[in-house]
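S.K.: Keeping their order, the protein sequence lines are chains A and B. Under my numbering, think of the first position of the first sequence as 91, with each following residue one higher. Under my numbering, think of the first position of the second sequence as 136, with each following residue one higher.
To be clear, the hints were calculated from the coordinates, so they are not data collected in a lab. Just so it is clear, CB atoms sit at the ideal spot from N, CA and C, and this is done for glycine as well. Only true hints are included.
Only some residues are given here: those of chain B computed to face chain A with a beta carbon under 7 Å: (1) Ala229; (2) Pro254; (3) Ser588.
Coverage of chain B stretches by chain A, computed from C-beta distances (three or more under 8 Å per stretch; other residues unrestricted): (4) 163-175; (5) 216-228; (6) 246-253; (7) 274-285; (8) 498-505; (9) 569-577; (10) 589-596.
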Amino acid sequence: MKFVGNPHPHESAEGHVTGGALYTDDLLERFPGVLHAWPVLAPHAHARVLECDLSAACARPGVVTTLNAADAPGEADSGANRHDEPLFPKEVLYHQQPVAWVLGETLDAAQDGAAHARVLYEKLPAILTIDHAIRESSFHSAPARLHRGDARAAIDASPLRTSGELAIGGQEHFYLETQCALAAIDESGGVLVHCSTQHPTETQAIVARVLGIGENRVTVECLRMGGAFGGKEVQANAWAAIAALGAWKTRRPVRVRLPRALDMALTGKRHPFFARYTAGHDERGKLLGIEAELYSDGGWSLDLSEPVLWRAIFHLDNAYLLPAAAVTGYICRTHKTSQTAFRGFGGPQGMVVIEDALDRIARALGLPPHVVRERNFYREGDSTHYGMAVKDASRITRIWDELRESSSFDTRRIAIDEINAGESNRKRGIAITPVKFGISFTATMFNQAGALALIYRDGTVQINHGGTEMGQGLHTKIRQIAAESLGVPLETVRIMPTRTDKVPNTSATAASAGTDLNGAAVLDACEQLKARLAPVAAALAAEGRPAGFAQTVEAAYRQRIPLFAQGYYRTPGLSYDARTGQGKPFHYFAYGAAVSEVEVDGFTGDYRVLRADLLHDVGESSSPIIDMGQVEGGFIQGVGWLTLEELVWNDEGRLATNGASTYKLPSWAELPEDFRVKFLTRAAEPGVVFGSKAVGEPPLMLAISVREALRDAIAAFGKGGLVELDSPATPERVYWAIERARAVPSTSVLNEAAAGVARP
Amino acid sequence: MAVASPVAANISFRLNGETVHAPSAPSHTTLLDYLRARGLTGAKEGCAEGECGACTVVMVRPGEAGSVYKPVNSCLVFLAQAAGHEVLTVEALAHDGELHPVQRAMASGGGSQCGYCTPGFVMSLFAEHYRPGRNGACETAAMAGNLCRCTGYRPIRDAALSLGPASADDFRARLARPAPTLDEFACNGFARPASLSECLGLLAADPGARIVAGATDLAVDTNLKGVRFRRLISVEAVPELRGFDDAAAHVDIGAALSLDEIASRWTAAPTFFHEWLELFASPPIRNRATLGGNLATASPIGDAAPMLLALDAEIRIAGTASIRGVPLHAFFTGYRKTALQPGEVIHSIRIPKPLPERVRFYKVAKRRLDDISSVAACFALDFERASRVAKARFAYGGVAATPIRATTAEDAVAGFPWDAAAAERAQAAVARALSPIGDHRASAAYRLAMAQSLIGKFHEETPR
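Taking the hints into account, I'd like the entire structure generated from these sequences.
M.R.: The following block contains the structure:
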């Protein structure tokens with residue numbers, strides 16, 4: 091193949107490095123007379139709005155007008171499904187929730203106006219923790235339940251039992267480009283919204299709903315995003331709606347841009363989880379049954395919490411056979427930001443739980459954790475606890491064995507134990523963990539995509555598709571696919587900004603499925619065009635005339651052959667019953683494994699990742715630079731989630747870590763000193779565009795190896811016993827875990843494991 | 136005095152090779168605001184507090200010979216501060232559609248994904264590319280002030296490592312010529328005097344005015360907290376505050392020298408200074424932040440104070456009448472309060488010599504680089520001939536309302552051999568003396584544990 095499979099840099103790389111690549115807020119100067127919107131922020135996590143008087147705000151210099159519920163011709167709510175996100179709430183449900191907006195000639199004026207709004211609140215008690223929500227039975231939905239067999243009986247019949255509890259922290263997306271929308275009334279009475287959104291169609295629908303107009307009068311365009319990671323899947327909608335409402339009211343362009351502190355205070359994050367489990371197993375560590383309760387912190391509105399919870403439940407198996415399982419999930423309703431999609435979408439939390447359990451079982455039995463992991467792997471012919479055959483299950487073992495070999499895991503394991511024996515204040519740890527991640531939206535209807543390919547008479551090509559570009563390289567891959575199919579140079583293919591007036595009713599660019607879906611739709615469109623052009627080219631050649639692409643296209647035009655085509659794709663074979671949680675929700679699985687080695691300082695709990703070896707299954711890579719970037723970047727982002735990224739809400743419900751100075755992303759220091767990343771070879775995935783596999787989310791979970799390596803090192807400070815470690819494993823948490831490990835007198839106490847271990 | 140009268144002067148500076156005259160703007164307007172409004176949207180706002188580096192531009196600053204390019208956070212440079220400077224943004228690098236080698240390196244191997252942070256990385260790497268005296272590959276530490284959320288940094292590291300010596304182009308040629316010198320300047324709400332007497336005069340005339348040096352803290356206040364300053368007096372062009380003297384009895388460091396300037400001026404600086412410097416914020420911050428500014432903010436978690444306390448430093452304060460000295464431990468009078476009187480500015484920091492025999496600086500934070508410390512500690516020991524500790528200085532940040540010395544711990548060590556028992560006595564003394572608070576960075580218990588544990592680490596690392 092000429093293009094697909096070759097290492098092409100990002101399609102916008104030149105724009106990135108020159109500053110020429112534009113993002114939504116870079117368009118500001120193109121909208122003369124643009125107004126700036128700023129919210130009136132509630133100072134409570136939970137309160138009733140008794141009175142909202144904006145007259146003083148309106149009177150401030152430079153303030154043009156304000157927005158409140160009376161200004162919305164339609165429904166003043168941005169909640170996609172349950173309509174539970176009022177734009178101008180009467181009841182405040184999280185700290186700093188906007189209750190009204192001020193539009194100013196300048197941002198300073200709008201901020202000044204907002205500071206002069208007079209709002210009276212009646213403060214109400216707030217629920218700020220999962221614990222508290224459980225005590226108050228504050229849940230968004232009925233519990234989600236998934237059963238395989240009789241888990242309780244299987245556990246009771248097991249020779250041994252291990253229980254555990256685990257708190258898993260959330261994660262701020264910290265896309266470098268914060269939420270931004272720019273709306274203007276267009277030339278024909280419609281609304282054009284430039285928006286940093288992963289889901290232009292939904293943004294369009296919400297804007298139309300708020301304005302009370304047909305979706306055909308709203309166009310949403312997403313040029314590109316400066317990162318999204320799930321944080322702009324639904325959470326872009328409210329800001330677009332405010333911008334559009336402001337433009338509708340004033341007939342002037344309106345910009346909403348959340349600066350970092352507001353973005354962090356107002357937008358949802360990866361769900362924090364609390365998990366409790368009991369596993370029945372044998373003396374060799376083989377799982378016989380598991381019961382688990384998962385509690386996610388959904389925040390103030392439902393958002394995507396249900397599918398996130400389901401994906402956590404589905405991925406509680408990771409790569410392991412659960413012969414009997416009973417999993418119950420709850421979405422806690424708290425007075426915090428509305429937690430939302432984030433790369434992995436619940437999968438990471440589910441996997442951390444099972445990895446925590448297996449490490450605990452191994453240490454309780456005095457077995458190496460990697461041995462217990464291996465013993466529980468899926469084999470060919472196995473099916474998941476939701477009743478789906480584990481396609482290519484043998485890849486788990488293949489990847490595992492190849493990685494153990496290539497990373498010298500076994501010899502390093504021995505060497506590390508020797509090093510540790512001679513050191514009392516610095517210990518190393520090593521761990522290998524697998525990943526199996528299901529690819530497809532679990533809501534089957536979203537697994538469709540459309541495309542529109544246009545060929546112009548000079549032979550140049552425009553490709554429109556429903557996917558959005560957020561840095562993941564979707565446009566790069568699409569361009570390769572289109573050029574490959576049409577047989578034209580990459581340079582003649584232009585990927586157009588994503589617009590709802592080109593391809594309607596699109597799905598969010600999410601679930602790692604951007605290329606699988608949109609790439610297939612584009613391929614469909616291009617193949618149709620190719621089929622139309624082939625006889626024309628053949629005829630030209632037969633006549634001895636030049637039959638290059640441009641000549642063929644011109645000849646086709648003259649023969650009145652249409653030079654544009656719509657493409658469409660729906661993922662085949664999905665069947666899934668959302669009520670029972672049983673069926674085939676995924677098209678296939680992406681696999682991988684990682685070995686991480688860490689060194690921990692016993693004085694402080696500080697640590698470094700010395701080396702990480704990743705082996706990941708991207709199918710037949712359609713774009714190796716892009717795929718490598720997803721694997722490496724996903725891993726480091728996962729390391730951040732599990733180690734240093736800590737969200738702290740104070741007693742008032744205010745996010746205390748609301749900026750880059752308090753919420754720490756991985757920096758250069760987190761890049762492993764020795765970082766070796768490889769793709770699995772001979773891995774083509776039949777039935778997916780050009781044999782490639784989805785790659786956006788799965789590598790994030792390779793970072794669980796770092797968490798497990800930390801536990802291994804912590805164990806070495808003691809006598810190798812159980813390691814309780816909530817997530818994220820900040821130096822402080824690691825330090826206290828070391829102190830506990832040092833205090834534990836003995837190891838491998840089976841009855842201790844059987845009884846479960848109380849949380850400190 | 137000319138500078139004393141507020142005038143609506145244009146703010147003139149060199150931008151990408153041409154002179155621009157920005158109209159006077161509210162004093163909290165940043166260079167980044169101006170650039171973006173001018174259509175130079177390559178520099179982005181990612182955090183508005185100098186942490187992410189998406190807004191990085193370079194300034195042409197004086198070097199040992201000629202000039203050097205120094206990356207700075209344009210979100211933390213007030214537009215008025217740019218007057219007289221020479222600034223390059225990412226838009227200046229490519230010529231006639233041909234990418235600069237730094238851009239080519241970043242673009243070709245996956246160094247950008249979403250691209251939003253990329254112009255900032257490019258500018259940091261650009262400055263590193265032309266760093267005088269660079270032998271071999273570009274150092275990734277030069278980009279320690281840039282955050283990327285997408286790539287995981289490996290391809291950016293490879294881009295840096297792939298760059299050879301800078302070719303003899305116009306950018307290199309520029310460095311042979313001197314950097315712009317900063318003259319006195321004033322516009323609405325902002326004054327930059329060019330002498331200490333003028334500076335003190337302005338301060339005397341308007342005691343409510345705020346001194347600004349690198350603005351790496353003040354601009355965070357204006358950007359994030361909405362703080363507004365009626366009048367800023369910049370010390371950036373006051374030569375008396377920019378002195379450096381490595382004398383026989385002491386080292387005098389001008390309060391308005393940037394940390395980066397101190398590093399290049401203090402050629403005989405001890406190892407611990409460089410270890411400390413690497414942990415102090417990030418390169419673009421170090422290119423603007425000053426020691427005077429860091430101490431004047433009196434942050435209980437500032438990085439400079441623990442080290443300077445352990446070195447028995449003295450703060451030299453300039454008033455209209457004279458210069459007075461205050462021991463640093465007496466300088467911090469309460470939470471965010473100092474001994475500075477109205478009308479005074481910090482002149483310099485005096486570190487007595489000889490420097491202590493053993494000094495180590497430690498910083499406990501969630502992230503190793505560019506993080507604010509939960510606990511910072513600096514320990515200094517001098518020994519007598521019999522291997523006994525003659526003098527000990529144990530200083531901390533993050534464990535009290537001000538940076539402090541743990542004198543009871545010092546007393547527990549002085550006069551004794553530096554052995555495990557001594558370290559344990561010091562730890563016990565620290566445990567009795569300190570009662571830190573808990574916050575989003577660390578719990579009180581962890582802070583107290585660290586205050587003790589770091590003594591153990593110090594002992595392990597400096598056996599005697």
